[in-house]
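*Asks:* Kindly generate the complete structure, drawing on both the sequences and the hints.
Number of protein chains: 2
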Amino acid sequence: MTAFPNAPYYQRHIFFCINQRDTGEACCAQQGAQAGFERCKAQVKAAGLTGVGKVRVNKAGCLDRCAGGPVAVVYPEGVWYTFVDAHDIDEIVEKHLRGGHVVERLRLPAQIGR
Amino acid sequence: MTAFPNAPYYQRHIFFCINQRDTGEACCAQQGAQAGFERCKAQVKAAGLTGVGKVRVNKAGCLDRCAGGPVAVVYPEGVWYTFVDAHDIDEIVEKHLRGGHVVERLRLPAQIGR
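Quick note, the sequences are listed as chains R and F, same order.
So for the first sequence, the working numbering puts the first residue at 157; every next one is plus one.
So for the second sequence, the working numbering puts the first residue at 157; every next one is plus one.
For the record, the hints were derived by calculation from the structure and aren't laboratory data.
Possibly wrong hints are sitting among the right ones.
[What the hints assert, rightly or not] No more than 27 Å apart at the CA atoms, straight line, and that leaves these computed lysine-lysine pairs for BS3-like:
{"#": "1", "chain 1": "F", "residue 1": "Lys201", "chain 2": "R", "residue 2": "Lys210"}
{"#": "2", "chain 1": "R", "residue 1": "Lys251", "chain 2": "R", "residue 2": "Lys210"}
{"#": "3", "chain 1": "R", "residue 1": "Lys197", "chain 2": "R", "residue 2": "Lys251"}
{"#": "4", "chain 1": "R", "residue 1": "Lys251", "chain 2": "F", "residue 2": "Lys201"}
{"#": "5", "chain 1": "R", "residue 1": "Lys215", "chain 2": "R", "residue 2": "Lys201"}
{"#": "6", "chain 1": "F", "residue 1": "Lys215", "chain 2": "R", "residue 2": "Lys197"}
Owing to the predicted nature of the structure, the values given are computational and were not obtained by experimental measurement.
*Replies:* What follows is the structure, encoded as structure tokens:
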């Protein structure tokens, strides 16, 4: 984008919602979000993708798409994912975070919100 | 970006590091990060910018640029900021989150890391 010419600090930055809602409503924290975050962080590290100019794996508060939880979003692409298990996470790491290809089968449908 | 043709769920997504490090090292939480987050969220809401297709203000865990704390990053642009007070936050909201223009005076220098 010509308006933002600087190299990005991270090539890809993935944020996992690990929000815990105390009201009894559905939330990512009840759906394995923490395990997904930890798996992703470990796999990215094991693949040597961690660091400046590469990949950062982050916790985030509520991303407000609770109906699709657990969710994560990859920037700068703005691609949203929902995942079930470690296999899903591994596929996101290998195909998207390393390879730059969207994992279509795990993509969060556009209409899914809170 | 041709590889990612879908409209973004949020036009702009800002993440504030509100990480609390317990080791005595510098961290954003000691530097007014929570106040910055809350100010930003309130100002974005007051400006009617909150929501799908518009702006989302999020908490995040450690963004690993602690030396410049408190820090925040705006995606999809990948523009990083450091801020001191409510005036700084208001300028980020008005110029960048609403107007799409980078606030150069608040930009985190590229070499600032952990």
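*Asks:* Is the Cα-Cα distance between Lys251/R and Lys201/F 27 Å or less?
*Replies:* violated (36 Å)
*Asks:* Holds or violated: Lys215/R and Lys201/R, Cα atoms, limit 27 Å.
*Replies:* holds (15 Å)
*Asks:* So if I understand the rule, the pair passes when the alpha-carbon distance is 27 Å or less; does Lys251/R with Lys210/R pass?
*Replies:* holds (14 Å)
*Asks:* Between the alpha carbons of Lys201/F and Lys210/R, is the straight-line distance 27 Å or under?
*Replies:* Violated. Lys201/F to Lys210/R sits at ~33 Å, over the 27 Å cutoff.
*Asks:* Can you confirm whether the C-alpha distance between Lys197/R and Lys251/R stays at or below 27 Å?
*Replies:* holds (15 Å)
*Asks:* Would the pair Lys215/F and Lys197/R pass a check requiring their Cα atoms to be no farther apart than 27 Å?
*Replies:* Satisfied, since the Cα-Cα distance of roughly 18 Å is no more than 27 Å.
When held up to the earlier numbered hints, the structure conflicts with 1 and 4 and fits the remainder.
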